[in-house]
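Colleague: Spelled out from the first residue to the last, the chains are:
2 protein chains.
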Amino acid sequence: MSKIIEPKVLKGFRDFLPATEIERKRVIRLLEDNFESYGFVPIDTPALEYSEVLLGKGSGETDKQMYRFEDNGKRDVSLRFDLTIPFARFMAKNRKDLYLPFKRFHISKVWRGENTQRGRYREFTQCDFDIVGTDSPSADFEILMIMRSSLRALDVPNCTIHMSHRGIFNRFLNHLGILDQNVEILRTVDKLAKIGRDEVVRLLTELSDTEKAGKILDFIQKEEGFIPTLEKLEALAGGPAEDTQRLRDIYAYICELGIEDGFVLNPSITRGLDYYTGLVYETFLDDLPAIGSVCSGGRYNNLAELYSKESLPGVGSSIGLDRLMAGLEELGQSASKASKTQLIILNMDTALIGHYHSLADSFRKAGYCCEVYHETKKLGPQFKFAEAKSIPLAIICGSNEKEAGTVNLKDMTKRENFDALTLEEALAKAGELL
Amino acid sequence: MSKIIEPKVLKGFRDFLPATEIERKRVIRLLEDNFESYGFVPIDTPALEYSEVLLGKGSGETDKQMYRFEDNGKRDVSLRFDLTIPFARFMAKNRKDLYLPFKRFHISKVWRGENTQRGRYREFTQCDFDIVGTDSPSADFEILMIMRSSLRALDVPNCTIHMSHRGIFNRFLNHLGILDQNVEILRTVDKLAKIGRDEVVRLLTELSDTEKAGKILDFIQKEEGFIPTLEKLEALAGGPAEDTQRLRDIYAYICELGIEDGFVLNPSITRGLDYYTGLVYETFLDDLPAIGSVCSGGRYNNLAELYSKESLPGVGSSIGLDRLMAGLEELGQSASKASKTQLIILNMDTALIGHYHSLADSFRKAGYCCEVYHETKKLGPQFKFAEAKSIPLAIICGSNEKEAGTVNLKDMTKRENFDALTLEEALAKAGELL
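So the protein sequences, as listed, match chains A and B.
85 is the number of the first residue of the first sequence in my numbering; add one for each residue after it.
85 is the number of the first residue of the second sequence in my numbering; add one for each residue after it.
Hints in this document: simulated from the structure, not taken from any laboratory.
As the structure is a prediction and not an experimental result, all values here were calculated from the model.
All C-beta atoms in this analysis are idealised placements derived from N, C-alpha and C, irrespective of residue type, glycine included.
Where hints are given, some of them may not hold.
[Unchecked claim] Computed footprint of chain B on chain A; a stretch qualifies when at least three of its residues, placed anywhere within it, have a C-beta under 8 Å from a C-beta of chain B: (1) 103–115; (2) 148–160; (3) 454–468.
So here's chain A without its partners, still in its complex pose (with noise of 0.2 Å):
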């Protein structure tokens, strides 16, 4: 008798069990057509790059949660941390093969190894979606639309997409005096939620000084609808700009769509220490703020610097998907289910077996999910087995219902019995039912 291995998965990895993987699965299909409809294509990269290419400029942050370790031709090698930076090279290296503008669509897993807090996995699934090769502001709306309609599509109940743009937050800065200082308050303002309005005065009082500090929280105040605030945040700026202007464009095409519920133009959104340079957005379902963005993104001047000398202006947006089922499964959203299965052939008798799967032929052939019980045993633990599948009809056939070519139905919700019925019969009780 050999030792017995603990069968024991690492800290911030998950199994995922069947119901949860077909929620996944249903989630990710929906967003994969919805992507499609606008016109997006999906690719795919590695999930180990060279870890040169995977940490660019560097920065200590994300060397430290990086898997990298030296495989067996010595190459010093890394696990893929976004999708990102894989894209970038991915324009880089692929850009004779391609067209521009290019949409893609990536869902697929990442690996940071971070401290496993609430929520955070070290093994995750990110949803990208950009646009690269224009700077058009009908590029920025597109983007818009589509983390509206994904969320649509998953039923997300009552969310709102906050936008803001970081050219004004500059400028702003600038007529201050103190852009300089900008990426600290930056990652200050983007702060507030977390540590509150108190504690951001007292940091920007820091930076700057008293007065400063509140035309900050002045400007990252949010008023009473779009053009108010944006007329706020441009006066405060220094007057109309290219900024200001996209952002007008913006607001009249979510108009002309007849969409401005859904959309707040938000001061204060600032994606901290994010490569963007223009439009911000992030995305809160109002029922669970607590939760954090659920889908985010915004502008970014040029995707392959580091890889390629050509300029590459882009516009894009990330579901974060763990964190949206987390939420609509708080929600009651989750569909969840143990299978597809709609039907169930009970084994009544081993003589039967070829029958019975000619049967469950018979119902897939008609579309319907139609599994075989493969062990003739006790009705017992047949139905017990249909239970923990959810499957919400069976079918019984013992070698009398063979000879007169029926099968007897059973609903196994309402524990209601459809007898002796032909198989054209029962294909169409089945369609009653389901």
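Chain A is already provided as a structure; the job is to place chain B on it using the hints.
Modeller: Below, chain B alone, put in the same frame as chain A:
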């Protein structure tokens, strides 16, 4: 100006460009739907596991191929190199949350640092489906049915599933008094297609003697028809037993469903050194036998024995997705396309961008994939873009058309124009043309 990093990809790893990825996703969805129609449920497991868990009993071969390293927490971890061992670990870990028999499918990437010769990759997709917790021939048969229906769902032309039973082969070797050499003999027989008959005879003679080598060669020779072959094997192995009865049962099921074509009893199939104990099978494309088996599997005694005391007999199979897709492409059976976009709204006037998005939304609401060209440019580059994405229809709308409430529709392939259509007429015309 910072240094440009070469956007290179590791040897044996690949980017998937849109045309390939669209086709991969199409194929995967068809397979998922087919598995689910038989009551199979999806699961997922971590890409990274404890090395101890993945190594199991440990074989030198596997060990050398694993991407194994120490993580930041000093754990000895590895990337999974197949989906079978993680499934065994999954069953042991989650047993209390699962029912038996458990039928799962798992389509995901695995990593092996092996030599990257002809069509071998270091990152590739496996597509496994297994039934554990039953020893019933009904389950063996179901796996065979799914192999067949999966390949049919993908429109794979002319393929044959070859099956055999290791138990009969072992009884035969026992009969010859050379059962103790069964591993080497299996390994040799498995190489028949690769090294040829003469070399197999030479190796088998080394392992036993000329007479026995001849008998083995006779044993692995299939006869005309399933039952004549089965009768020969039965005679050579010393008479009927559970193993031959199982093959007889399975063949009876095959006949009851009228799917005899496409199944062959072929005693030269052994699955080399795999852990199979009963039935084994391989699938070859009749028009492309050289690429080898595209779907293989068999029955094993105990899936989770390394991780649990519970005995879990099982049967399963695995589709080599990369190999199969390469084969389909070679046979001209690949449906690869550059995008799914059906209509493009050309951008004639920046002032109409909101209107273009509104038009596109109407087409999307009618179920079409429709995109807006984001920049106001001459028609040349816009047509070129549409061509690169294989978009069949274009909508052209300037300010006159907008005022008149019409659009012009252009069939890009036939170069036909349909002018001054109302939106309703355009929707109907698109339906006709697509």
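Colleague: A separate judgement is required for each hint: does it hold in the structure or not?
Modeller: Structure-based check of each hint:
Only when three residues or more bring their CB closer than 8 Å to a CB of chain B does the claim for the region 103–115 of chain A stand; here the count is 5, and the claim holds. Residue count for the region 148–160 of chain A with a Cβ under 8 Å from a Cβ of chain B: 8. That meets the three needed, and the coverage hint holds. With 6 residues bearing a CB less than 8 Å from a CB of chain B, the region 454–468 of chain A meets the requirement of three and the coverage assertion stands.
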